[in-house]
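Enquirer: The chain contents come next:
There are 4 protein chains.
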Amino acid sequence: MDFTVDERTRDYAARASAFLTTAVLPAEPVFAAQTAGRVGADPADPALWTRPPIVHELAAEARARGLWNLFLPAPHGPLTVGQYAPIAELSGRSPHLAPAAMNCSAPDTGNMELLQLAADDRQRERWLTPLLEGTLRSAFCMTEPAVASSDALNMRTTIRPDGASVVLDGTKWWSTGALAPECGLLIVLGVSDPQAAPRERMTMVCVPRDTPGVRIERALSVFGYHEHAAGGHAVIHFEGVRVPRAAVLGELGAGAQLAQARLGPGRVHHCMRAIGMAQRAVEQMAERAWQRETFGELLADQGVVQQWCGQSQVELDAARLLVQHAAWLMDSAGNRAAHRAIQQIKVLVPGTVQTILDRAIQLFGAAGVDDALPWASMFTAVRTLRIADGPDEVHLRSLGRAVLRSARPD
Amino acid sequence: MDFTVDERTRDYAARASAFLTTAVLPAEPVFAAQTAGRVGADPADPALWTRPPIVHELAAEARARGLWNLFLPAPHGPLTVGQYAPIAELSGRSPHLAPAAMNCSAPDTGNMELLQLAADDRQRERWLTPLLEGTLRSAFCMTEPAVASSDALNMRTTIRPDGASVVLDGTKWWSTGALAPECGLLIVLGVSDPQAAPRERMTMVCVPRDTPGVRIERALSVFGYHEHAAGGHAVIHFEGVRVPRAAVLGELGAGAQLAQARLGPGRVHHCMRAIGMAQRAVEQMAERAWQRETFGELLADQGVVQQWCGQSQVELDAARLLVQHAAWLMDSAGNRAAHRAIQQIKVLVPGTVQTILDRAIQLFGAAGVDDALPWASMFTAVRTLRIADGPDEVHLRSLGRAVLRSARPD
Amino acid sequence: MDFTVDERTRDYAARASAFLTTAVLPAEPVFAAQTAGRVGADPADPALWTRPPIVHELAAEARARGLWNLFLPAPHGPLTVGQYAPIAELSGRSPHLAPAAMNCSAPDTGNMELLQLAADDRQRERWLTPLLEGTLRSAFCMTEPAVASSDALNMRTTIRPDGASVVLDGTKWWSTGALAPECGLLIVLGVSDPQAAPRERMTMVCVPRDTPGVRIERALSVFGYHEHAAGGHAVIHFEGVRVPRAAVLGELGAGAQLAQARLGPGRVHHCMRAIGMAQRAVEQMAERAWQRETFGELLADQGVVQQWCGQSQVELDAARLLVQHAAWLMDSAGNRAAHRAIQQIKVLVPGTVQTILDRAIQLFGAAGVDDALPWASMFTAVRTLRIADGPDEVHLRSLGRAVLRSARPD
Amino acid sequence: MDFTVDERTRDYAARASAFLTTAVLPAEPVFAAQTAGRVGADPADPALWTRPPIVHELAAEARARGLWNLFLPAPHGPLTVGQYAPIAELSGRSPHLAPAAMNCSAPDTGNMELLQLAADDRQRERWLTPLLEGTLRSAFCMTEPAVASSDALNMRTTIRPDGASVVLDGTKWWSTGALAPECGLLIVLGVSDPQAAPRERMTMVCVPRDTPGVRIERALSVFGYHEHAAGGHAVIHFEGVRVPRAAVLGELGAGAQLAQARLGPGRVHHCMRAIGMAQRAVEQMAERAWQRETFGELLADQGVVQQWCGQSQVELDAARLLVQHAAWLMDSAGNRAAHRAIQQIKVLVPGTVQTILDRAIQLFGAAGVDDALPWASMFTAVRTLRIADGPDEVHLRSLGRAVLRSARPD
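Residue numbers (the working numbering), protein chains in the order written: chain Y, 1 to 410; chain Z, 1 to 410; chain W, 1 to 410; chain L, 1 to 410.
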């Protein structure tokens, strides 16, 4: 094994790091000021859900620095999944700004990957090109409120072929970004043939957000946050929504496979961004520890604080290696071969990062839960990762069954 | 030992339980509707921070049912600390409504205890009577942003005697309830004599909120929540605030002792309410488990869910006994004798409840972090308890040093 | 609730404490010296498995001090289960000596309870009287090597009625005490009617250890220990073992119920002794912390050590209350009503104590794993408790299902 | 980063794996039989502490297969630290046999590394050559009973230069292997100049075990085990032990540096062997899960078992990568540059493996603590690793302080 970071990665990481330090982190208070008035959950008010000007300024800057669309794995972009991983980590240090500025934020990234993989020319032109340009945004509609969505067979939304159209009926939620006025595209997964074999039962469709029958009911909250600038999280009803068959991604019945393919790189991105959050937390815990004194002793000189810093860094370094390994497996053997490795990081990383952020909050005391510092918001983001794309327990179950299967008699 | 619940407690608990079931829980959606428009953190907008009508309706109902001011320990109220504990637990099941409806919500309760203990007749008439009537609300101003407040010797706010007045200068934060328009009283702790012995260095003063020089800078957030109906959490500047010496509680130099006395019953209340939250969570986890199916199996039939339910209930039952024991010690031997027992519950209960609520969120999946269910908000409340009144680590340190002291060679 | 310790308990506890301090603890090195030559696992060598002289000396002393057979719940002994609990805790501080000296050691205690409950006059005279006198010892044969014994329906040993006899066939293991030469009685549980309803399928029989067909195969080890003075843990084969029907305890088919009845008080005893181990560990951790210095600082002044001491004591105090509560429930409502409370302590206490002993070992460093100190041996004892009488997971499952059942629709 | 396992490593690993499967694992019952009579802790009985014949047979076999002394890092052996790591893991699956058979067992390996590094020609000939041949064994005497040895400045053993000799006085313990009759060499660390700077205060000396004044007091136990075939763990007194100055390793005052150098690869070996133990445990947990049934369901179908298997494998895979990374750093940047990486694995791996072995014991039930299965013995070995070479807390403190130092103002 060779843990050397290659030249190209070092180059991009250095540039991303410089961008972060000189442009993004100083822009955080600007972002806070520009979004300070964004309160409430009114789905009908586009001003709430749009990106503030600072994001567009940073985007121009990122683009000028060659830090644009880096998430797209080679050959479509300059970096492999493994090479992009450290960039994703860096972007996670400022999660509201850096990913968006670099056109590397979920769910657009996953949607662009999907379109790269499965879109035909017309779909590419209509959806992929503007997404890559950053002039369009999109949402992904998979999870449903009425059932345990971690088991795909529970899905109730239907995508019924009807002549030259398909017709969608059902309710989705946690459609992140769907409230943003820039969001023009909903990629929707639904059951097209309930009698088909499980893997051929579902279909994925590109639905323009303004299609009749699409109705956004409300914006969900994540702990007390609505994540306005990210376009929120929507509950969306599809009531007899009719789109042409040409809106189907890939083909009828290919939805399950496409959904699977979409998840791999995204989980690496999520995990690396989470690691970036925790790494920033550890560093700022250390800074804070030199500034606070209790009972006549700097926090930095207190044993419990030292243990927290040491323990957090070890856990983080181990978690990062596991993610890098999964990324390498994707690059070298393909997403399918990396399936279990990706489940492993899904299970290990968010929990690890949650624990570290919990320590950070504790060390920062009452300041730790308020929004003047990023920890509370980061905490809720990684807490949610333990549920998103299936709760940890479903993945652990799957990993455990794989271990057990290897030992199965005959 | 006799774990029998006495007749009086059973009676009050039965009434509180009936009140909860028939009045409070059905009012939760009303509360949600009445506060739905409360967004943002504008300290200047009183409409944001006042109690909605449903609280007043419930208060009338609670009063009619004899469930009013029960927190006041006998002989001032009908119940001992230990007898009130199960009532506090019940009220924690609906933390936004039940404590307020019963005039049993922090920080008013602690302030009323303080006034009961140390106020002179004029102070009682001006402040205690309307607080007991529920026509006035109050805040407690102790924690400061610039220092580690868990070490009281770090305190920087000064309360300088000046002729017939005392003059306050300094900044406090996490003054819960201070933004409510009904809040007329701030009880402030500050240094009156920096040269005095530690225990005589501080003084506590009753400051009318409209006194010149009192300036509320901003409302703090708790994981994105502003807790509007509770009157928020304020950053307050005291700039040359002058009040008459008669506003001093007890006497000059008595602040530290009063602060200590204030904490005891309040911690029991906080812990029991937290246990009530967790108990409700366990029960609703169990309900949910019969409604959801994954991979062909009800959650209720899945081993991990069974372990979570079993484990949570055991941890909860042990934690509850520890709190009841601390309450009994307060009743039978006094708050001072119960000092360590109170530190113990401060350290054990919020962490235990946080873990259980984390499980609840996990079991409820994506619904668990949204506000249509109470778990996310409860989670942030108990997470904050691990910091409030000193972080766990400070109390563990104190408890550990007590253990060590017992073994100290001569 | 009234947590006052009653007069009788205080009296017995004071005497037990004095016995421990003045007689038992000073005898520990004598016990170590007298058993130092006991090595190996030869089941045929009685000298290995007998109690050393010091136990008999202490027994005489305990009897003289009125500390004999205290485990027997009133009205058969002077103490209720709850009153005996603190005595059991004290005895756990010296687990190899104190319980044996007071004729309060498992499995004899459970067997005496069984005989008290279900033996007829002849059985009482033959078995119970000498057990109470301490002139006989006994083993309990339930667990089997070939199956998961936590599910009683897996049991394979048969107790076949045959005329005026019953005939036993099968293999038992973890029959503690069975290798002691003083052990004259094996109480064996087996299937007497495989067609009967589950609760009537089993029977319990008193088998003299020297009955033909009883064959001890080997002595098991517990992490390297053979627990010689306790009579070891035996694998026992029953091959056509014939005893008269009069040897049946209670009646044919009553075995399951008797087994259930046996477990209650025993679990309280086990848990309280485990708490005694941990309490001693905490106290000696504190002593040690004043004697060791690293990096220029006494351990007692180091934050991590303080946290360990504080945390351990809190966990211990909560665990102890849970056990006392279960004991009170047994005393006031009976073993059956206390069933879940007993499962709760079974699940909470050994794990808690294991964690505390793990900390003790860590604090004592390399000395902590060697036998000159009691921690390693205690650790293995409580680790084993997490498996004995069914692994924690089986009890958690049962507790969880009870929680779930309460929420079951219709 | 490139996680590809190189050709040479794959080759050696395949051979080691074949050796394990075809020779070592089948020899485990032979080893058990040949050492079954080894009981007690008599330091004077060499038969107790010698390797049984099967080890020598396996050693011949290992040598014939080219699996001898592989631990010696290139250029002295065929493999780098990183390449040897997977071999060490494989050897850990049978910890009593495989490392010894391959002449790769501690403490001989560390001692050979030391001699390779610092021995002069005569020392090499006398000690290194026979150690490499496997005809000699050795012990390392560093830890002391009277002080906290994790702080080297506490050391009390003196190595006083006296003319052409040095004279040793002091007591060491946990000198693993010292009781073996094959053990001819003790490498001893002591204070040669208490006035010197800390890093020049100590000296390391090669002491023939039969030197007058060397007295083995007793054999220590590890949770009831004496690890006879490994030569036990000795308490050794050095009373006026005189050896020629030529016995000094390196030079006077070089002891601290040599001790530091010795630890690096050894910690990688320890950690990889521990991972091998856990990996075997996970695999056998899975096997067992198909053989046991409770409550009508195979363990393999039970959720908790699935979680344990999944969780264990994830933790193991992350831990293994962290060790591989540390090994790579040693290979590519040297032991000193890898210092913190080595502390990290010291802190992460044994705790992780302990947790997994604890699960294994739980899953195997009562069988899990008995010696017919390897888990109990493995558990005690990794538990001890959390103390050996300094307790985890000392390393966490050091790691934490390094994190904090990076953030130190100016």
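In case anyone wonders, no lab produced these hints; they're calculated from the structure.
Ideal placement from N, C-alpha and C gives every residue a C-beta, glycine not left out.
Careful: at least some of the hints might be erroneous.
[What the hints assert, rightly or not] Not everything, but these chain W residues come out facing chain L in the computed CB check (under 10 Å):
id : residue
1  : 167
2  : 171
3  : 369
4  : 372
5  : 379
6  : 393
[As the list claims (entries may be wrong)] Cβ-Cβ distance ranges computed for the label pairs, FRET-style:
id : chain 1 : residue 1 : chain 2 : residue 2 : range
7  : Y       : 301       : L       : 161       : 34 to 42 Å
8  : W       : 29        : Z       : 406       : 45 to 53 Å
9  : Y       : 287       : Z       : 211       : 56 to 64 Å
10 : Y       : 217       : W       : 337       : 46 to 54 Å
11 : Y       : 291       : L       : 287       : 50 to 58 Å
Enquirer: Each of the hints needs a verdict: does it hold here or not?
Expert: Going through the hints against the structure:
1. Annotation: residue 167 of chain W was flagged as interfacial toward chain L, and the flag is violated, the nearest CB pair being 26 Å apart, outside 10 Å.
2. Violation of the interface hint for residue 171 of chain W is found here, the shortest Cβ-Cβ separation to chain L being roughly 13 Å, above the 10 Å cut-off.
3. The interface hint given for residue 369 of chain W holds, since its Cβ lies 5 Å from the closest Cβ of chain L, which is under the 10 Å cut-off.
4. Against a cut-off of 10 Å between C-beta atoms, the interface hint on residue 372 of chain W holds, since the closest Cβ of chain L lies about 8 Å away.
5. For residue 379 of chain W, the shortest C-beta to C-beta distance to chain L is roughly 7 Å, which falls under 10 Å, so the interface hint holds.
6. With its C-beta approaching chain L no nearer than about 6 Å, residue 393 of chain W sits inside the 10 Å limit, and its interface hint holds.
7. A hinted range of 34 to 42 Å for the beta carbons of residue 301 of chain Y and residue 161 of chain L is consistent with their spacing of about 38 Å.
8. Between residue 29 of chain W and residue 406 of chain Z the beta carbons are some 25 Å apart, a value that contradicts the proposed interval 45 to 53 Å.
9. The given range of 56 to 64 Å is broken by residue 287 of chain Y and residue 211 of chain Z, whose C-beta atoms sit roughly 37 Å from each other.
10. A C-beta distance of roughly 49 Å is found between residue 217 of chain Y and residue 337 of chain W, which places it inside the suggested range of 46 to 54 Å.
11. Between residue 291 of chain Y and residue 287 of chain L the beta carbon distance is about 54 Å. The supplied range of 50 to 58 Å therefore holds.
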